[in-house]
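Colleague: Chain order of the listed sequences is A and B. Once you know that position 142 of the first sequence is 611 in this note's numbering, the rest is easy, because the numbers rise by one and skip nothing. Once you know that position 304 of the second sequence is 305 in this note's numbering, the rest is easy, because the numbers rise by one and skip nothing.
Simulated from the structure, these hints should not be mistaken for lab results. What you are looking at is a predicted structure, and each value in this text was computed from that prediction instead of being measured. Think of the CB as a built atom: it goes at the ideal place given N, C-alpha and C, for glycine as much as any other residue. Don't take every hint at face value.
Facing chain A, a subset of chain B residues (Cβ under 7 angstroms, in silico) [unchecked claim]: (1) Ile29; (2) Pro30; (3) Arg32; (4) Leu286; (5) Ser288; (6) Ser294; (7) Ile303.
With a cut-off of at most 25 angstroms between alpha-carbon atoms, the simulated DMTMM-like pairs for lysine to aspartate or glutamate come out as follows [as the list claims (entries may be wrong)]: (8) Lys487/A <-> Asp302/B; (9) Lys272/B <-> Asp479/A; (10) Lys404/B <-> Glu647/A; (11) Lys272/B <-> Asp606/A; (12) Lys487/A <-> Asp300/B; (13) Lys487/A <-> Asp306/B; (14) Lys404/B <-> Glu501/A; (15) Lys487/A <-> Asp316/B; (16) Lys404/B <-> Asp578/A.
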Amino acid sequence: MAQILVIDDDPSLLGVCKVGLEALGHEVRTAETANEGLIEAATRTPEVIVLDLGLPDLDGLEVCKRIRSWSDVPIIVLSADGSEDRKVESLDHGADDYVTKPFGMRELDARLRVALRHRPDEDDHQVELDVGPLHLDLVHCQATLRNKAVDLTPKEFDFLAYLARNVGKVCTRRMILEHVWGPNHVNELHYLKVYAYRIRRKLGDQQGQLLQSDPTVGYRLVAPGD
Amino acid sequence: MRRSAMKRSAIGSSAALASMAVLTSLMIPLRSHLSIATTALILVVPVVIGVVIGGFVAGATSVVAGFLVYDFFFIPPYLTLWVGAPQNWAALGVYAVVMLPVARVVDRMNVARANERRYGKEIRELFELSDLLVEDQPLDVLLTVIVTTLADTFGSRQVALFLPEDDRLELAASAGEPLSEDDLQRILPADGAAFSLDSHSFERNELLVLALAAAGRPIGLLVLSAEAAARHEREPLLLFVNQIALAVERTQLRDEVLQARLTEEVARLAKTLVGAVSHDLRAPLASIKASSSLLSDGDLDIDLDARQSLATTIDVQADHLAALVQNLLDMSRIQAGVLTPRLSIVSPADLVSTVRDDVTPLLGNHPLVVDVPPDLPPVDIDEVLMSRVLTNLLQNAIRHGPKGSQVAISAHVASGETIELSVTDHGPGVRPDRRKEIFQLFARRDEDAGAGLGLTIARTFVEAHGQRIWVEDAPDGGARFCVTLPVAPSIPEEAPVGADSRH
């Protein structure tokens with residue numbers, strides 16, 4: 470049972486989300502405009518916010534930025550297919566995940582549960598991370614898969630560790646490049662393809678089930694069963 | 002040319018002979034009082050007339066005639082060719098010797114003046130052409146102007162202009178007689194061979210071929226029949242070929258720029274359409290998918306009321322989708338140009354009540370107020386098209402009015418021939434400077450992501466009826482969209498089948 474705020478300008482979609490998410494065991498509040506949504510977010514402190522990017526009174530991206538200025542509440546962006554740029558931009562501005570319209574209610578629920586499970590305060594200052602069969606020792610920079618050591622280069626380990634710290638959450642290419650390679654390398658997109666390919670081979674994950682790529686957006690590490 | 006010269010010469014000779022006859026008949030009664038020298042001087046006049054009108058040949062003819070007339074009528078003994086006194090011989094000799102050079106000089110002056118006049122005319126015409134060349138005209142018009150002006154100015158039988166097209170020279174414009182196949186073969190390179198405009202201008206088989214080039218780049222080929230190419234006319238012609246080349250090149254470049262801009266605009270419009278339509282399609286689709294995913298999920302415990310509301314959502318949103326698809330179909334119908342209203346006579350109240358039934362599910366919490374008196378005169382419209390107009394206006398009002406605000410339909414007789422139907426909302430209204438453009442394709446408010454097809458379709462349908470649609474401020478805020486409907490011509494009712502026709 471979690472408190473969820475859905476902000477979308479389409480009242481009929483809000484109605485369906487309310488019915489569906491309540492049936493899935495959540496407590497749902499809705500807002501039709503950005504201003505209504507900001508007030509709700511500030512006064513009711515929801516546990517997750519579902520935010521449509523196309524709002525009539527204020528750009529969804531701006532809403533995202535404003536919420537981030539005072540809160541780390543997970544934000545899942547609802548986006549239209551074909552607006553990749555805005556999706557990536559919103560992730561860069563602090564959104565945690567996105568769902569593309571049209572979506573099934575189970576898909577939204579799955580994303581909500583991932584967002585709820587990995588709230589930011591839980592992951593700070595951890596020295597060890599576990600993602601399904603993968604274990605990362607952040608102190609010694611060692612990775613093991615099903616208790617067998619995986620031989621990773623330092624950058625490969627950093628890449629994987631960054632995704633593991635944000636497990637379940639999509640990380641944009643820009644975010645990964647900035648954190649792993651540094652702010653001067655944010656345009657070296659081809660690094661990511663090469664490293665993702667090498668890491669998958671070393672993890673025996675050629676199908677990309679553990680290390681998933683979201684074309685044109687970025688990568689996410691997903692524990693099997695999530 | 003030759004024939005006209007002979008004709009001119011004959012006219013000149015006749016005029017000379019006629020004037021000579023007149024002068025002679027005037028002088029004969031007075032000849033005893035006139036000196037032989039005076040008579041000779043007077044007989045200069047017909048010769049000059051002959052030269053001026055008919056040129057040197059006519060002049061020479063009149064000199065011979067003058068000589069004979071002088072001798073026959075004015076040198077004694079009269080009426081014989083016999084020349085008496087020796088001084089008479091001298092007079093006759095002087096007449097002949099002086100008159101021939103006089104005829105020659107007058108003729109030269111005449112020819113020079115005619116040349117000057119023609120040259121001046123050509124220059125003037127070419128000057129006019131140069132004015133035409135700098136005007137902003139489509140390429141085909143420009144080319145036609147060039148060839149016809151050249152044909153007129155140089156009196157050329159044939160003028161043709163060739164421009165390169167896909168590595169071949171194609172006839173772009175011509176004036177006068179068309180060039181024969183043989184001529185074409187001589188001028189143009191054989192089929193398949195790449196043409197080259199580097200070749201210098203040349204003259205072949207009575208055709209003058211001039212290469213057009215601007216700043217060293219080949220532009221095309223100008224062909225004139227050779228009578229236009231007499232030596233003294235070449236200079237202005239060659240001068241002009243360069244100007245023509247520049248004008249053609251400039252127009253071609255301008256057309257290319259326009260074409261590029263047009264392509265850009267079409268691409269931009271297509272992008273807008275795809276973006277707008279996909280947004281409009283996705284919004285209802287998102288609700289439908291979310292609802293159906295819940296209804297089909299057997300593991301979820303959803304109460305009956307909630308299930309009912311999900312099913313209603315699907316139903317209403319499917320109607321939205323259907324309406325959008327209908328709009329897209331209407332758009333393509335409009336663009337295919339197959340829009341002819343099928344007129345029938347309808348009562349405004351019936352039209353409104355049909356539409357009202359259709360839009361009821363879309364109203365949500367907007368109350369709909371209808372003020373359409375049932376006794377309004379019937380209108381002559383395509384009921385299907387006008388229903389779409391009214392539906393689109395209502396959808397627009399529902400979309401832009403704040404939650405729960407009232408939407409009103411009203412109708413009244415505006416004049417003897419029209420009924421004014423209006424849809425009023427309580428939305429933000431339309432700024433005066435946007436009142437025209439909201440009816441254009443893809444116009445929409447900045448914050449509104451919809452395709453904005455509805456009002457465009459409404460306008461097109463209304464205009465197909467020859468009627469008007471516009472938007473104005475509603476008296477208590479909001480926008481009022483008005484449409485005029487043509488009142489059906491009234492036919493006086495027949496007398497009821499009465500008792501008098503029955504037996």
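Colleague: Does each hint fit the structure? Answer for all of them.
Modeller: Going through the hints against the structure:
1. Ile29: 110 angstroms, violated
2. Pro30: Violated. Min distance 112 angstroms.
3. Arg32: Since the shortest Cβ distance to chain A is 113 angstroms, the answer is violated.
4. Leu286: Hint on leucine 286/B: holds, closest Cβ of chain A at ~5 angstroms, below 7 angstroms.
5. Ser288: Since the shortest Cβ distance to chain A is 5 angstroms, the answer is holds.
6. Ser294: For serine 294/B, the interface hint holds, since the closest Cβ of chain A sits about 4 angstroms away, which is under 7 angstroms.
7. Ile303: It holds, given that the least Cβ distance between isoleucine 303/B and chain A is near 5 angstroms, below 7 angstroms.
8. Lys487/A <-> Asp302/B: 14 angstroms, holds
9. Lys272/B <-> Asp479/A: 24 angstroms, holds
10. Lys404/B <-> Glu647/A: 45 angstroms, violated
11. Lys272/B <-> Asp606/A: 49 angstroms, violated
12. Lys487/A <-> Asp300/B: 17 angstroms, holds
13. Lys487/A <-> Asp306/B: 13 angstroms, holds
14. Lys404/B <-> Glu501/A: The given pair, whose Cα atoms are some 11 angstroms apart, holds under the 25 angstroms limit.
15. Lys487/A <-> Asp316/B: 18 angstroms, holds
16. Lys404/B <-> Asp578/A: It is violated: about 29 angstroms lies between the C-alpha atoms, which goes past 25 angstroms.
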